[in-house]
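Trainee: Top to bottom, those sequences are chains U and V.
Here our numbering is used: the first residue of the first sequence is 3, the next is one more, and so on.
Here our numbering is used: the first residue of the second sequence is 3, the next is one more, and so on.
No lab work stands behind these hints, which were simulated from the structure alone.
Worth double-checking, as some hints may not be accurate.
Note that identical chains are pooled: a pair holds if it fits in a single copy or bridges any two copies.
[What the hints assert, rightly or not] In silico lysine-lysine, BS3-like type, Cα no more than 27 Å apart, as pairs: (1) LYS53 / LYS123; (2) LYS102 / LYS159; (3) LYS102 / LYS67; (4) LYS159 / LYS9; (5) LYS143 / LYS105; (6) LYS159 / LYS143; (7) LYS105 / LYS53; (8) LYS143 / LYS102.
Protein chains: 2
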Amino acid sequence: MLWHDGKIRNSSEAMLTANDRGLSLGDGLFETLPAFNGIAFLKHEHIARMKASADYFSIPFDQKKVERAIDDLAEVNKDPCVIRVTLTRGRAERGLAFPKDPKPEIFATRNPWSHTLAFQKITLSTSSIRRNATSPSSSHKTLSYLDSVMAHADAQKNHADDALMLDQDGHVASTSMANLFALSGRELLTPQRGALLPGIIRDFVIGTAPNIGLTVIEKHLHLRDLLAADLVFSTNSVRLMTMITMIDGDALKQKSTAHYLDLENALKDQILADTNYRI
Amino acid sequence: MLWHDGKIRNSSEAMLTANDRGLSLGDGLFETLPAFNGIAFLKHEHIARMKASADYFSIPFDQKKVERAIDDLAEVNKDPCVIRVTLTRGRAERGLAFPKDPKPEIFATRNPWSHTLAFQKITLSTSSIRRNATSPSSSHKTLSYLDSVMAHADAQKNHADDALMLDQDGHVASTSMANLFALSGRELLTPQRGALLPGIIRDFVIGTAPNIGLTVIEKHLHLRDLLAADLVFSTNSVRLMTMITMIDGDALKQKSTAHYLDLENALKDQILADTNYRI
Numbered sequence: 003m004l005w006h007d008g009k010i011r012n013s014s015e016a017m018l019t020a021n022d023r024g025l026s027l028g029d030g031l032f033e034t035l036p037a038f039n040g041i042a043f044l045k046h047e048h049i050a051r052m053k054a055s056a057d058y059f060s061i062p063f064d065q066k067k068v069e070r071a072i073d074d075l076a077e078v079n080k081d082p083c084v085i086r087v088t089l090t091r092g093r094a095e096r097g098l099a100f101p102k103d104p105k106p107e108i109f110a111t112r113n114p115w116s117h118t119l120a121f122q123k124i125t126l127s128t129s130s131i132r133r134n135a136t137s138p139s140s141s142h143k144t145l146s147y148l149d150s151v152m153a154h155a156d157a158q159k160n161h162a163d164d165a166l167m168l169d170q171d172g173h174v175a176s177t178s179m180a181n182l183f184a185l186s187g188r189e190l191l192t193p194q195r196g197a198l199l200p201g202i203i204r205d206f207v208i209g210t211a212p213n214i215g216l217t218v219i220e221k222h223l224h225l226r227d228l229l230a231a232d233l234v235f236s237t238n239s240v241r242l243m244t245m246i247t248m249i250d251g252d253a254l255k256q257k258s259t260a261h262y263l264d265l266e267n268a269l270k271d272q273i274l275a276d277t278n279y280r281i
Numbered sequence: 003m004l005w006h007d008g009k010i011r012n013s014s015e016a017m018l019t020a021n022d023r024g025l026s027l028g029d030g031l032f033e034t035l036p037a038f039n040g041i042a043f044l045k046h047e048h049i050a051r052m053k054a055s056a057d058y059f060s061i062p063f064d065q066k067k068v069e070r071a072i073d074d075l076a077e078v079n080k081d082p083c084v085i086r087v088t089l090t091r092g093r094a095e096r097g098l099a100f101p102k103d104p105k106p107e108i109f110a111t112r113n114p115w116s117h118t119l120a121f122q123k124i125t126l127s128t129s130s131i132r133r134n135a136t137s138p139s140s141s142h143k144t145l146s147y148l149d150s151v152m153a154h155a156d157a158q159k160n161h162a163d164d165a166l167m168l169d170q171d172g173h174v175a176s177t178s179m180a181n182l183f184a185l186s187g188r189e190l191l192t193p194q195r196g197a198l199l200p201g202i203i204r205d206f207v208i209g210t211a212p213n214i215g216l217t218v219i220e221k222h223l224h225l226r227d228l229l230a231a232d233l234v235f236s237t238n239s240v241r242l243m244t245m246i247t248m249i250d251g252d253a254l255k256q257k258s259t260a261h262y263l264d265l266e267n268a269l270k271d272q273i274l275a276d277t278n279y280r281i
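Working from the sequences, and respecting the hints, build out all of it.
Mentor: Structure below.
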């Protein structure tokens, strides 16, 4: 299901021209968020992140249109769904230079969301593809997503569920699609900003952890820190929280599940409070 | 002008669906090449590069279709033109995992080519965005091109024509769109493979240089090597060869133009021999 120009139609319908820079140069942004009971979860946070990125990339941002796309698709019915909204710099002449009179393109899709996506346990394998803190594609959710695609594909070849991605200095950055956290006693460690996306659920967890007696520390982490931690998990807007059971074949401890479950319950409570949906 | 499914039509016509991975994830490849007198220049080299990249990314490659797209557009008339052929992994369900039954999309565009694009003199400014040798997007011509877009935009903000891009270790990689060479006496230095695209004109220059008495050395180069060189130039399939006159405000020597002109003439001779077009 596709939202475009205020209308909802079949998503397999041709819509984009060949000279849209989102397609020709990966020159655009996207956000993916779940909706429950017709209400998009943490919508304002996603819109604010997209706006900040659009400003960074000098893509004019029509906030009302983005919000309307999300709301219209969320309200199609009350079934849980995943909404993805895409913003491109729009069609332009050949070449890299920004068009002088940009006409950004906004569209959004709706797909089913299932319980089986969230609160799962997964394994990771370390990717040879490094995140690059100097690349804006590392810290913004852009259409230039191929590094993540290939890291994920390599992980699956290695019979892991997802890739652990390090930055150029060997510090832990994220998975191909999710932020990472490590519980160690009452400390909740997470990689500091730089070569990673400022995840919306990452922000939620950082904001919530003190309420359940955890101290959040954002710092450089190494693979050995994850292996030594009581429990490692990842966060992602669609998959919410995911426990990591193994990295490169090494089983993780999976201790301290009480703190993890406290965070999981806080997130479920937030979803219930915001959307009246109980996971 | 757009080639799609064997037909040539108006390039502003909607053609792609919102769930094509080329658009949603920058999951695809492109090649850009000029055509003169109805003949695409170094077509087989471009097709071979695209095939090698398609194999790397596990995108099924229909070589005959790609060649037909290029030929059909080249033969529209004898005016010099720029052809861009794009290959995407095609439409797919949500998520990063490769589709099990991929249906790659191939299309191509034709735009005018002008003498004013080639054999120009330009200035560079060093980008803060580094090329990342571990990223497949650095060494393949992929649709995830946003780093180059932003590096180019930053250069233009700095009143330079293009960006000098270093790799993560501070070695010279390329410009945002072209490979780099430095002449030093009879030595022709160029960055070694790793964080750069294996350019088609780069290959031509490397192959031709010995014929005019130059020794090609592929090695790590630093910015200081460019500043110390007799002459620095870049190569690109559309702009062919471009002399660099200044980097970050420092004027380059622009000595030894005889060797540069020998290479330029060798390239013009090749175009004449292949296409009967005299630049």
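Trainee: Each hint: holds or not?
Mentor: Outcome of the hint check:
In this assembly of identical chains, the alpha carbons of LYS53 and LYS123 never lie at most 27 Å apart, being 32 Å within a copy and 38 Å across copies at closest. Only between protomers do LYS102 and LYS159 lie at most 27 Å apart by alpha-carbon distance; the minimum there is 14 Å, versus 44 Å within a single protomer. When the C-alpha separation of LYS102 and LYS67 is checked against a cutoff of 27 Å, the pair qualifies only within one copy, where the shortest distance is 22 Å, while the shortest distance between copies is 34 Å. Taking the shortest Cα distances, LYS159 and LYS9 never come within 27 Å of each other, neither inside one copy (40 Å) nor across copies (38 Å).
Proximity of LYS143 and LYS105 under a CA criterion of 27 Å is satisfied in both settings, with 20 Å inside one chain copy and 25 Å between copies. In this assembly of identical chains, the alpha carbons of LYS159 and LYS143 lie at most 27 Å apart whether taken from the same copy (25 Å) or from different copies (23 Å). For the identical chains of this complex, LYS105 and LYS53 are intra-copy neighbours only, at 16 Å inside a copy versus 33 Å across copies, given an alpha-carbon limit of 27 Å. Taking identical chains as interchangeable, the C-alpha atoms of LYS143 and LYS102 lie at most 27 Å apart whether they share a chain (24 Å) or sit on different chains (25 Å).
The structure is inconsistent with the numbered hints 1 and 4, although it conforms to all the rest.
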